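2 protein chains.
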Amino acid sequence: MRSAFYISDGTAITAEVFGHALLSLFTVEFKHYTEPFVETEQQAQKVLNKISESFKESGLRPLVFYTIVNTDVRKMIAKSVGINYNFLDQFVAPLEKALGVPSMPEKHRTHSIHEKTYDIRIDAVNYALANDDGSNIKDYHEADIILCGVSRSGKTPTSLYLALQYGIKAANYPFTEEDMGDILKLPAALRRFKKKLFGLTIVPERLHSIRSERRPNSRYASMKQCRMELREVENLYRKEKIPFINSTKFSIEEMSAKILAETGLQRRKY
Amino acid sequence: MRSAFYISDGTAITAEVFGHALLSLFTVEFKHYTEPFVETEQQAQKVLNKISESFKESGLRPLVFYTIVNTDVRKMIAKSVGINYNFLDQFVAPLEKALGVPSMPEKHRTHSIHEKTYDIRIDAVNYALANDDGSNIKDYHEADIILCGVSRSGKTPTSLYLALQYGIKAANYPFTEEDMGDILKLPAALRRFKKKLFGLTIVPERLHSIRSERRPNSRYASMKQCRMELREVENLYRKEKIPFINSTKFSIEEMSAKILAETGLQRRKY
Chain A
1 MRSAFYISDG TAITAEVFGH ALLSLFTVEF KHYTEPFVET EQQAQKVLNK
51 ISESFKESGL RPLVFYTIVN TDVRKMIAKS VGINYNFLDQ FVAPLEKALG
101 VPSMPEKHRT HSIHEKTYDI RIDAVNYALA NDDGSNIKDY HEADIILCGV
151 SRSGKTPTSL YLALQYGIKA ANYPFTEEDM GDILKLPAAL RRFKKKLFGL
201 TIVPERLHSI RSERRPNSRY ASMKQCRMEL REVENLYRKE KIPFINSTKF
251 SIEEMSAKIL AETGLQRRKY
Chain B
1 MRSAFYISDG TAITAEVFGH ALLSLFTVEF KHYTEPFVET EQQAQKVLNK
51 ISESFKESGL RPLVFYTIVN TDVRKMIAKS VGINYNFLDQ FVAPLEKALG
101 VPSMPEKHRT HSIHEKTYDI RIDAVNYALA NDDGSNIKDY HEADIILCGV
151 SRSGKTPTSL YLALQYGIKA ANYPFTEEDM GDILKLPAAL RRFKKKLFGL
201 TIVPERLHSI RSERRPNSRY ASMKQCRMEL REVENLYRKE KIPFINSTKF
251 SIEEMSAKIL AETGLQRRKY
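Protein chains in written order, with the working numbering: chain A, 1 to 270; chain B, 1 to 270.
By construction, these hints were calculated from the structure, which means they are not laboratory data.
Honestly, I wouldn't trust all of these hints.
A pair counts as met if it fits within one copy or between any two copies, since identical chains are not told apart.
[Unchecked claim] SDA-like, lysine to any residue: derived pairs with alpha carbons at most 25 Å apart: (1) 31 / 269; (2) 46 / 136; (3) 50 / 267; (4) 138 / 204; (5) 195 / 99; (6) 56 / 261; (7) 239 / 71; (8) 138 / 32; (9) 196 / 29; (10) 75 / 181; (11) 194 / 119; (12) 269 / 104; (13) 269 / 27; (14) 195 / 180; (15) 56 / 79; (16) 50 / 96; (17) 258 / 71; (18) 258 / 42; (19) 75 / 241; (20) 224 / 176; (21) 269 / 225.
Since we're looking at a predicted model, the values are computed, not measured.
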């Protein structure tokens, strides 16, 4: 199997994201190696050896995606036996021309700390944790958004992703059987903040399967119960005009991007 | 101010990461617009109008970073009045040649769902939550890694990031004053899993400032207390040969990448 290397003197996240996007266009399988914080010539030599070994083993030239600020290290990696993609570099000259200013590569630390956005994200994560699963309905005035839905419809991972990636304060509220009664009504705690509500739903089969892993053969996991709860929440969303999406076919990234797009919510970190 | 647009018929995360990395090489400020899920010609027209308006307002041609699978939509965006970067495309032909197979652009959904990695990540998030802050020392046998450190040294956001991005099960354990006694010893619950331990530390000034926001003028937040706790944990790390890093100057992404690099821990999602 051919290898793909993602190399950087930073986190290598940019190299990974770019490389994965490109490789996802092909139906070929690759062995992936991420090599972050390659900051010295000695470390670069180690990585070069790894690339050479992988070439020898597989007989296929590894793909090498890299973004490296340090000039000496960059020059070394550029000479690897792999097929080398210094993918940012070829956009720099045209962009310098378009902007009319020179680039400052030494400033390039995309995923490095920026004091301000750092605090914002930590705050948002703490908020999401303190307001997870309806645990703290007192602080909804601070929320940027309140995700609601039945148990195991994807609220918690989505609210944490919104916090970590975008610095958005997302509370989440689970509709429970107590809320349901004869017919699900909007709980008073939520009605005051109706404009912040965003609903999640999911197909009953998937909910049944997720809940069954957690509590096999329970009423909670039964198809009948899943169907009933989902019918109730979807009716509520429609009646109260709460925007909602179906999480079944979407990744956490897609859910979060869709929620931002639909609500127009401004992220605090770019 | 010049605008930068990130456009895709998917999440636009790839366009964002690539565009940000490129723009971070310049000391120019930009206004950022992310336009995900542009899937129809009607939606494309709306985005084109936005680009034109931004050009009119600022007098500066917006930068447009895009990855679009849909051919009609892609052709429309390619004709925007901005400076257009279809940055993946120019790597496709050389890569097809290198791999000897054609690309399958319709498969391109980098941040879309893959049933298996999805479950792995949700599981890991649930694990991190259930094992946050020393709340559940019974399940450490399941942990891929156990982050330890004093209160507010960055354990929780890091463990959640490891779960969400990499599907890694990270527990975290806070050393408390009870653990400290006269001298901090490794708690019995941790000693059994010593090989999984990874320590965090932070400079006292920063810890003092973080804790002061939470509990101003408390003993907990005092410089004296922060210094004492950090001295104790760093002595413990050294004595017990627990690998550790100082979180003060690092972003959550950098911490996580460094932890993976130092431990050799395998991610479950690429």
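Status of the hints after comparison with the structure:
Taking identical chains as interchangeable, the C-alpha atoms of residue 31 and residue 269 lie at most 25 Å apart only when they sit on different chains, with a minimum of 12 Å there against 32 Å within one chain. Within a single copy, residue 46 and residue 136 get their C-alpha atoms no closer than 50 Å, and across copies no closer than 40 Å, so neither meets the 25 Å cut-off. When the C-alpha separation of residue 50 and residue 267 is checked against a cutoff of 25 Å, the pair qualifies only between copies, where the shortest distance is 19 Å, while the shortest distance within a copy is 39 Å. With identical chains, the CA atoms of residue 138 and residue 204 are never at most 25 Å apart, being 31 Å at best within one copy and 33 Å at best between copies.
Neither within a single protomer nor between protomers do residue 195 and residue 99 lie at most 25 Å apart by alpha-carbon distance, with minima of 41 Å and 51 Å respectively. When the C-alpha separation of residue 56 and residue 261 is checked against a cutoff of 25 Å, the pair qualifies only between copies, where the shortest distance is 24 Å, while the shortest distance within a copy is 47 Å. In the homo-oligomer, the alpha carbons of residue 239 and residue 71 never lie at most 25 Å apart, since the shortest distance is 61 Å inside one protomer and 38 Å across protomers. In this homomeric assembly, residue 138 and residue 32 never come within 25 Å of each other (Cα to Cα): the closest approach is 46 Å inside a single copy and 33 Å across copies.
Taking identical chains as interchangeable, the C-alpha atoms of residue 196 and residue 29 are never at most 25 Å apart, the minima being 43 Å within one chain and 31 Å between chains. Taking the closest pair of Cα atoms, residue 75 and residue 181 never come within 25 Å of each other, the shortest separation being 68 Å inside a single copy and 53 Å across copies. Within a single copy, residue 194 and residue 119 get their C-alpha atoms no closer than 28 Å, and across copies no closer than 31 Å, so neither meets the 25 Å cut-off. In the homo-oligomer, the alpha carbons of residue 269 and residue 104 lie at most 25 Å apart inside one protomer (22 Å), although the nearest pairing across protomers, at 33 Å, exceeds that limit.
For the identical chains of this complex, residue 269 and residue 27 are inter-copy neighbours only, at 18 Å across copies versus 34 Å inside a copy, given an alpha-carbon limit of 25 Å. Taking the shortest Cα distances, residue 195 and residue 180 sit within 25 Å of each other inside one copy (21 Å), while across copies they are farther apart (47 Å). For a Cα distance limit of 25 Å, the shortest separation of residue 56 from residue 79 inside one copy, 16 Å, qualifies, whereas the shortest one across copies, 45 Å, does not. Proximity of residue 50 to residue 96 under the C-alpha cut-off of 25 Å is restricted to the inter-copy arrangement: shortest distance 24 Å between copies versus 35 Å within a copy.
In this homomeric assembly, residue 258 and residue 71 come within 25 Å of each other (Cα to Cα) only across copies, at 22 Å, whereas the closest approach inside a single copy is 40 Å. Within a single copy, residue 258 and residue 42 get their C-alpha atoms only as close as 44 Å, which misses the 25 Å cut-off; across copies the closest is 18 Å, which meets it. Neither within a single protomer nor between protomers do residue 75 and residue 241 lie at most 25 Å apart by alpha-carbon distance, with minima of 58 Å and 36 Å respectively. Proximity of residue 224 to residue 176 under the C-alpha cut-off of 25 Å is restricted to the intra-copy arrangement: shortest distance 15 Å within a copy versus 46 Å between copies.
Proximity of residue 269 to residue 225 under the C-alpha cut-off of 25 Å is found in neither arrangement, the shortest distances being 39 Å within a copy and 32 Å between copies.
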